[in-house]
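J.: Protein chains in written order, with numbering that gives the first Met the number 0: chain A, 0 to 312; chain B, 0 to 289; chain G, 0 to 414.
Since the hints were derived computationally from the structure, they do not count as laboratory data. Don't be surprised by glycine CBs; every beta carbon is placed ideally from N, CA and C. Any given hint could be a false lead.
Claimed, not checked - Listed next, with one range per pair, are the computed distances between beta-carbon atoms:
no., chain 1, residue 1, chain 2, residue 2, range
1, G, Asn291, B, Tyr118, 29 to 35 Å
2, B, Arg58, G, Thr289, 36 to 42 Å
3, G, Lys309, B, Ser135, 56 to 62 Å
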Amino acid sequence: MRNAVFWGALAAVLVAGLVMTEVFDNEYYYNALYVVLQGTLMAVAWNVLGGFTGYVNFGSAGFFAMGAYTTVALHKAFGLPLPVMIAAAGAVGGLVGLGLGYLTLRLKGVFFAIATLAMAIVIETCVNNWAFVGGAKGSYILTPDTHLWFKSYVQMLFMVMLVLTLAAIAISRTLNASRLGRGLAAIRDDEVAAECSGVPTLRLKLVSATLMGAMMGVAGAPFPFFVTFVDPVSAFNLFIAVNAIAMPMIGGTSHWIGPVIGALLVGGTQEVVKVTVSSELNVLIVGVMLVVFITLAPQGIVGVVRRLRRRRR
Amino acid sequence: MLQADLLANAVVAGILLGGFYAATAVGLAIVFGQLDIVNIAHPAFIIVGAYVAWILNSRYGFDPVLAGVAAAPLFFAAGALLYRIYYLAFERTGQESLSGLAFFFGVMFIIEVSLLLAYGVDYRLVQTGYAESKWSLGFVDFPLRMLVPFAVSLALTVGIAQYLSRTFMGRAIQAVAQDRLALQLMGANPVRVKQWAFGLGVATAAVAGALLIVIQPVEPSVGRQFIGRAFAIVVLGGMGSMRGMFVAALILGVVESLVSTFVGPSWSPAVAFGVLALTLAIRPAGLFGR
Amino acid sequence: MRLQRFLTAALAALAFAALPASGAEPAGKPIKIGFSMALTGGLAGAGKAALIAMEIWRDDVNKAGGLLGRPVELVYYDDATQPANVPGIYTKLLDVDKVDLVVSSYGTNEIAPAMPIVMRKKLVFPSLFGLAVNDEFKYDRYFQIMPAGPEPKTDWSKGFFELAAAQKPKPKTVAIVAADAEFALNAAAGARANAKKMGFSIVYDKSYPPSTTDFTPVVRAIQATNPDIVFVASYPPDSVGMVKAAHEVGLKCKMFGGGMVGLQYAAIQKNLGPLLDGIINYDFWVPETTLNFPGVRDFLAKYQAAAVGKGVDPLGHYLPPYAYAYLQVVGEAITGTKSLDQGKLAAYMHSHTFDTVIGKVKFGKNGEWATSRVLEVQFRDVQPNDLEQFAGPGKRVVLYPREWRSAEIDYPYKK
Chain A
0 MRNAVFWGAL AAVLVAGLVM TEVFDNEYYY NALYVVLQGT LMAVAWNVLG GFTGYVNFGS
60 AGFFAMGAYT TVALHKAFGL PLPVMIAAAG AVGGLVGLGL GYLTLRLKGV FFAIATLAMA
120 IVIETCVNNW AFVGGAKGSY ILTPDTHLWF KSYVQMLFMV MLVLTLAAIA ISRTLNASRL
180 GRGLAAIRDD EVAAECSGVP TLRLKLVSAT LMGAMMGVAG APFPFFVTFV DPVSAFNLFI
240 AVNAIAMPMI GGTSHWIGPV IGALLVGGTQ EVVKVTVSSE LNVLIVGVML VVFITLAPQG
300 IVGVVRRLRR RRR
Chain B
0 MLQADLLANA VVAGILLGGF YAATAVGLAI VFGQLDIVNI AHPAFIIVGA YVAWILNSRY
60 GFDPVLAGVA AAPLFFAAGA LLYRIYYLAF ERTGQESLSG LAFFFGVMFI IEVSLLLAYG
120 VDYRLVQTGY AESKWSLGFV DFPLRMLVPF AVSLALTVGI AQYLSRTFMG RAIQAVAQDR
180 LALQLMGANP VRVKQWAFGL GVATAAVAGA LLIVIQPVEP SVGRQFIGRA FAIVVLGGMG
240 SMRGMFVAAL ILGVVESLVS TFVGPSWSPA VAFGVLALTL AIRPAGLFGR
Chain G
0 MRLQRFLTAA LAALAFAALP ASGAEPAGKP IKIGFSMALT GGLAGAGKAA LIAMEIWRDD
60 VNKAGGLLGR PVELVYYDDA TQPANVPGIY TKLLDVDKVD LVVSSYGTNE IAPAMPIVMR
120 KKLVFPSLFG LAVNDEFKYD RYFQIMPAGP EPKTDWSKGF FELAAAQKPK PKTVAIVAAD
180 AEFALNAAAG ARANAKKMGF SIVYDKSYPP STTDFTPVVR AIQATNPDIV FVASYPPDSV
240 GMVKAAHEVG LKCKMFGGGM VGLQYAAIQK NLGPLLDGII NYDFWVPETT LNFPGVRDFL
300 AKYQAAAVGK GVDPLGHYLP PYAYAYLQVV GEAITGTKSL DQGKLAAYMH SHTFDTVIGK
360 VKFGKNGEWA TSRVLEVQFR DVQPNDLEQF AGPGKRVVLY PREWRSAEID YPYKK
């Protein structure tokens, strides 16, 4: 996608979002879109380490929850404004991501994935025992009164999440097409060969992991304001971790647009099903979608499009 | 003297619990430890096993453990079938690891929801003759509710270890993990061998599920609690080592029990997984890894 | 002769027309009541049972002519026990489905996320079982049907400790153990406060992760501190684990129980059987003769018939009567004010006492019950593997509060 087209599209989406907040009062759409955008941001973030670099992260919920609890802790302690807390959450996530990056020195493949799972559980246990943020009892975060020029708080949250997600997509695209991205792809395909060819694998992996951690922390930062009551069970949710993996896989992991497509498709379907079918079928649909897509299109939707394009030539 | 009593009982409780954990991980030790297939749906199969044991127990009065053993062949067939699908879709095309993982995630959800639709969300429990009694050795107690699962799990692990090292099929399974091409050259069909191994892994889930429901009440989403533990045990023990897996399970059980008794139960998961993380950092091959 | 017959016929016709329209169909635009409910996920066992009760209420109301002559319709979605789903569902209900009223889902986790929305739109919000949610929000249109009382966190366990304090000789030491989860920790905090206030000394005070499989280490650690009283705040699977472990270890104490969720569920009661004897635990309704409120038996009969084959609690003594009652309150308020105006309904609900299947309901200023009615019940003579014994009185006797008492305490707990 040419640069001009991309930035144009991004700007158009942003403007559309702003216009929407002026025109539509109906809060339901903002709630639903917030969830879809959050999923998109998590998927894009996961893909940086998982799709681009080839290291599977099972503990996405841990990073997300860390972002959420950073907000809770700062809100309770200082009552800082939202942008500051988002930045702080990103910093915390990035730092832990950096640590995760160093872990890749010792562990590869599925061992790395298990380690991320263990890490998420350890973090969850620590949060469970941290009385200041409510521990297992949970914390109430009351909706603040100010919401800038928007008609309601959730509209503002929606715009915040939209801006964050678009920024993440831009970063992801830049990464994908850059020299850095090619280095990551080399690591994904064959790390030893990449190292031998002179690719600074450690540095790139650290960048990749830190970026992923920071983006996931940022995704979690506004969550307490969205949901009003945060407790470890809902923040360290299995669904968040699964969606973060499923969405990029269904969309296609090698291209920056893959997680976006996957997130919009899967997230959108989940939101629609949530308010129509309304029963166990919701979970079933995620499971079936996953199995069907993965079996029929292992390279994701991006892979399918690529194949069709190749056939046309 | 109170402390010695407490310590001894905590250790024993940990060993019994660890033995049960081994039952949940032994199938994964074969499938993941030997064949590198990330079957994250294994705990879901365990829950299915628990439900089978519950049905046979509540409707016909069968002892749950016997029910689990009786159901194992059915699970074996189901596992073999699942592997076929997995092989055709992924392994043949070389897509495994990540895609396979996502596939099994999907399978896990499908199993969980099917149980939900079929049996609802009420907790299920079983009645056994021995669940309320215990044996005592001095000041140490062995509640049968935990002792029986421990014994069955030990028998299961030993049985599988023996199978893997003494029978033709068993050794073929170990071989296909080490060198698939060589196995082919030796005249065995690697796909059939893997299918057999996967079926075996899922068959153990039938027994593990029966043991689970003897110990605690079960409902469809309980499986999620065991995902982390089962994988951690296999990795900690060293991929491919049954003995290692069992020792790792015991370690996990004892650590959880000791922390629970002397520090406070809320820290046990962190400690258990902390042990895992430490092992991975120092010796990624695990305790008895190859 | 013909005139007589004509007059008789005319009189009959008049009499017929004058009959109350109870057989008449409600007509007009339906009154829509919207909510989310946990139909999947951790709380789904209770959520599904609650839904069955709520549908029975809807059918009962429609059979009796509806509310304000209009039929009642329930509009609901599954929140899957995920708080993140709640805001979206409630905004859909209000802004898209345009429901007339909302009521809450089950449990603090699912009630709290809806609060900002209902507060902003100034809606009446009858709520189903969330511990002390309104302590945070202080919303004046919140109404909680759980009979915890005006100070829910401490009222929850007050009865348990008062019973203990009344024994002679007065017990001295207390062990508090709780699951690491919202309700249990709040109940434990209340227990701590009550224990201190009534002069007990706390010798064990820890929590355990809900995924704990074996409770013997926990119970042994408790036993090592030699407590007179053991207060447990737990969820269904851990309640079972704690009771079994206590029995296996041979826990010696004078009182055991307090805040164990799950011991009210039929399947668990049947499975634990005689292990339950002597345990004193909280409950909200049991089939004792002192609690035979008008309508409750009929309701339970309908519920038990509807629950067959649905995989929910077969007896339905715990949550379903309260799920029915919180809609009864709404219905009575609508009929009483003859309107759907949220302000009028809120005022009516604050100022009136309601007659429901769970007795008389009166709300205090903070939306909680004006007086606590957390029952402390003790299990007696439980037979093994028998579900039917719990359908009638005698197996769960009420010890507290005094006015609902049906038997004297059996103390100390012999195990």
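J.: The hint says 29 to 35 Å between asparagine 291 of chain G and tyrosine 118 of chain B; measuring C-beta to C-beta, is that right?
T.: holds (33 Å)
J.: Does the Cβ distance between arginine 58 of chain B and threonine 289 of chain G fall inside 36 to 42 Å?
T.: Given a distance of about 37 Å, which is inside 36 to 42 Å, the answer is holds.
J.: So does lysine 309 of chain G sit 56 to 62 Å from serine 135 of chain B, Cβ to Cβ?
T.: With Cβ atoms ~43 Å apart, the hint is violated.
Comparing the model with each earlier hint shows a violation of hint 3 alone; every other hint is respected.
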